[in-house]
Structure formats: C-alpha cells, structure tokens
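Novice: Sequence:
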Amino acid sequence: MSEIFSREWIVSHRVEMWLLILVAYLFERNVNSGHMPTKAVDPEAFMNISEIIQHQGYPCEEYEVATEDGYILSVNRIPQGLVQLKKTGSRPVVLLQHGLLGDASNWISNLPNNSLGFILADAGFDVWMGNSRGNTWSRKHKTLSIDQDEFWAFSYDEMARFDLPAVINFILQKTGQEKIYYVGYSQGTTMGFIAFSTMPELAQKIKMYFALAPIATVKYAKSPGAKFLLLPDMMIKGLFGRKEFLHQHRILRQFLIYLCGQMIIDQICSNIMLLLGGFNSNNMNMSRANVYVAHTPAGTSVQNILHWSQAVNSGELQAFDWGSETKNLEKSHQPTPARYKVRDMMVPTAMWTGGQDWLSSPEDVKTLLSEVTNLIYHKNIPEWAHVDFIWGLDAPHRLYNEIIHLMKQEETDLSQGTCEVRL
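Every letter in the sequence shown is one number past the one before it in the UniProt record's numbering, and letter 223, counting from 1, is 223.
The hints are simulated quantities; they were obtained by calculation from the structure and are not laboratory data. Source: prediction; values computed, not measured. A couple of the hints might just be wrong.
With a Cα cut of at most 20 Å, we get these calculated PhoX-like pairs of lysine-lysine [what the hints assert, rightly or not]: (1) Lys219 / Lys179; (2) Lys237 / Lys179; (3) Lys179 / Lys408; (4) Lys327 / Lys222; (5) Lys222 / Lys207; (6) Lys207 / Lys179; (7) Lys174 / Lys227; (8) Lys219 / Lys366; (9) Lys219 / Lys408.
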C-alpha cells in the first residue's frame with residue numbers, strides 16, 4: 001500500500017488518485033451497509049487482448065504499426081473464425097476502432113456470441129482491432145518516452161491524421177487487399193469523420209464506414225463527463241497534469257479486480273458507465289463487469305481531454321486550439337483552429353444511434369445526419385445508451401447482424417459489378 005500513496009506516485013498519477021478516492025468511497029459505503037457478498041472474478045480480467053482471444057479458442061495475431069510521427073501502435077487481429085479454421089483464402093477485411101478511453105478489448109469483452117469482434121470473425125471476415133496512441137497497448141514511440149510531455153502532446157487530431165492512415169495502410173499491405181470496411185465507435189467515429197473528409201486518398205480505401213454512437217459535435221452532450229469538460233483548461237490541467245489521463249495503472253487495475261470479488265463492483269461499474277454516457281444494467285452481462293473495468297478506462301492524453309473540452313465549449317468539429325495564433329500557425333498553418341467538414345466525406349456510411357445516449361445526443365446526431373453526404377442507412381434505437389453499442393446484450397440482433405448483412409450485400413454487389421446497397 002505504501003507504493004500507492006507515495007509522493008511520487010501521487011504526483012505522476014493524480015488521475016488514478018481521484019479514481020481511487022471515488023472507489024474507496026463506494027467501498028466504504030458498502031462496508032458500512034454490512035452487505036459484502038463475494039462473486040467469482042473472470043480470468044479474462046487478468047489477460048491482455050491476445051490472451052482473451054486465445055482463451056475463447058480463436059486464432060490471433062498481434063502487430064506493431066509505426067505512424068508517420070513516430071508512435072508505435074499495437075494492432076490485434078482475428079484472422080478467421082472458429083468455423084473457418086481449416087479454410088484458406090482471403091477474407092473481407094474489417095477494422096474496428098474503439099472510443100475514448102477504450103482499447104481493442106472493447107470488441108471482445110463479452111462472450112463470443114455477444115462480441116462484435118468474434119461475431120464478425122465467425123461470419124467470415126478478417127478482423128483487425130486498433131489501439132489509439134496513448135492507451136494501455138500503444139505507449140511506445142521511436143524517440144520519445146512516456147515520461148516526456150512531448151509524448152502526450154496529441155489529441156484525436158493526430159489519431160485521425162496519423163494513426164488511421166498508418167493502420168489502414170499496414171492492413172492493406174499485410175492482406176494484399178485494396179479496400180477494407182471500417183467500424184468506428186464513439187471517438188472512433190470522430191477519427192473516421194476527420195480522416196475520411198480531409199484525406200480523400202485514404203477514403204478511397206474504405207468500402208463502407210459503419211458509425212456506432214457517432215460523434216462529430218458534442219454541443220448537446222448531457223453526460224456528467226461532458227459537464228466536467230466545461231471546466232477551464234487550466235483547471236483541468238491543475239487537476240490532472242499535462243501528460244496522461246486515466247491510464248490503466250497496474251496497482252489501480254489490481255485494486256479494481258480485487259473489488260470485483262465483491263458484489264459492490266456492480267455499483268462501481270454502474271457509476272463509471274454513467275460517467276461515460278449513460279448506462280442500462282438490464283442490458284449488460286454484469287458477470288462480465290470485472291472484465292470491463294479491468295481494461296477500461298485504458299487511458300489517453302490530457303491534451304485529448306482538453307480537445308474534447310474545446311469541442312463541448314465550441315459546439316464544432318474543429319482542430320485542436322493550441323492557445324495562440326503563433327502556435328496554431330506553427331501546428332496547423334492557420335491562426336485559428338480549422339473546422340472539419342463532414343460533408344466532404346464521400347464514403348458510403350451507415351449509422352446507428354441511441355435515444356438515451358448522453359454523449360452522442362439526439363440533437364447533435366440530427367445535425368450530423370444532415371451533413372453526411374453518402375448516408376446509406378441510419379437506425380435509431382430508442383432505449384440505447386452509449387455503451388450498449390459495444391456491450392449490450394441485445395446488440396447482436398439489433399445491430400451486429402445488420403452490419404454483417406450490409407457487408408455481405410456489398411460483397412455480393414461488388415462481385416456482380418454493382419454498387420447498390422440495400423437493407
């Protein structure tokens with residue numbers, strides 16, 4: 001315990017300290033209530049992404065991809081499903097990109113029949129899962145150390161500008177294919193909107209873009225996390241420093257996994273999911289809650305949080321504001337942050353939204369829908385909150401099956417020389 005509360009740990013992990021205080025408070029409340037039943041901890045809570053894939057019996061591969069600006073990203077692959085283990089030949093390729101504070105485990109955190117990563121593999125697709133710079137699995141750089149402020153000087157701008165092109169081009173080179181399907185969730189959709197609207201040569205490599213809980217603007221976001229982002233930049237920096245934000249520190253992870261042995265984890269998980277954008281415990285497998293909190297939050301940079309703060313305050317999808325005309329000119333060649341134009345994106349796009357989503361709010365979605373030039377499908381699920389898209393028990397029949405249908409229809413149309421897509 002002395003390591004947790006050492007002065008050095010507090011200074012370098014102030015965000016984890018705030019979370020520990022919150023967890024300790026919830027823990028103390030339940031102890032005082034006299035209600036401390038225990039439950040088993042799922043072994044996947046202690047596994048990395050490749051180990052989870054193997055634990056479920058699927059083949060897996062793991063790669064490191066270098067970006068143009070020197071970051072080294074971890075990418076996980078499920079090359080085929082259980083029913084195709086003896087089959088050879090190429091398969092349509094899908095890239096899954098997680099949201100803010102997530103990692104590739106978000107796509108495989110439930111059982112195989114309820115996880116999009118496994119479901120796509122079993123449907124005959126070659127599944128790749130990205131990890132954004134700065135999360136648990138992408139904390140390397142060619143020249144910088146995670147102890148340097150410069151390592152953490154990034155936001156979703158750089159994820160769209162450097163991470164996506166590097167990963168997509170690597171996948172194409174590795175598989176020998178010309179195009180892939182892209183599935184983004186939350187911030188993963190933000191990256192897609194920016195990358196595919198500003199880099200048409202990259203957009204041409206995308207067969208179809210599937211946007212789950214899409215976020216371009218957060219002007220009307222109602223989540224407690226969004227309200228926190230209304231704080232001034234200097235206050236956020238004062239609370240959390242200038243480097244990493246909510247990193248899955250080893251000690252914190254072990255502490256949370258220990259708490260998973262107590263039934264109070266349901267209350268803690270509910271509060272964390274509520275902060276992320278709404279939560280419905282009736283639509284989640286709460287026996288997997290220890291797996292969720294063991295991997296999420298997976299961390300990002302404080303600068304990325306500041307960028308989201310700017311987005312909440314401006315109500316726009318625009319580049320990071322470096323704080324001065326001089327700095328903006330140096331970084332983006334113009335004195336004010338550039339506004340991204342979603343309507344410039346020509347990729348065929350299908351979107352799924354939730355009526356109870358506090359981050360991808362119905363008001364922001366309405367604006368976004370009017371700006372997507374090549375919208376081929378949209379479905380709103382009235383009961384869904386933000387995490388239902390990746391962890392909802394009813395996600396397979398309300399969402400995942402539709403994604404697969406659209407992909408297979410596209411494959412059929414391509415083989416027949418037509419571009420029409422129907423659902």
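Novice: Confirm or reject each hint.
Specialist: The hints, checked one at a time:
no.	hint	result
1	Lys219 / Lys179	violated, 33 Å
2	Lys237 / Lys179	violated, 41 Å
3	Lys179 / Lys408	holds, 14 Å
4	Lys327 / Lys222	violated, 32 Å
5	Lys222 / Lys207	violated, 33 Å
6	Lys207 / Lys179	holds, 6 Å
7	Lys174 / Lys227	violated, 42 Å
8	Lys219 / Lys366	holds, 12 Å
9	Lys219 / Lys408	violated, 36 Å
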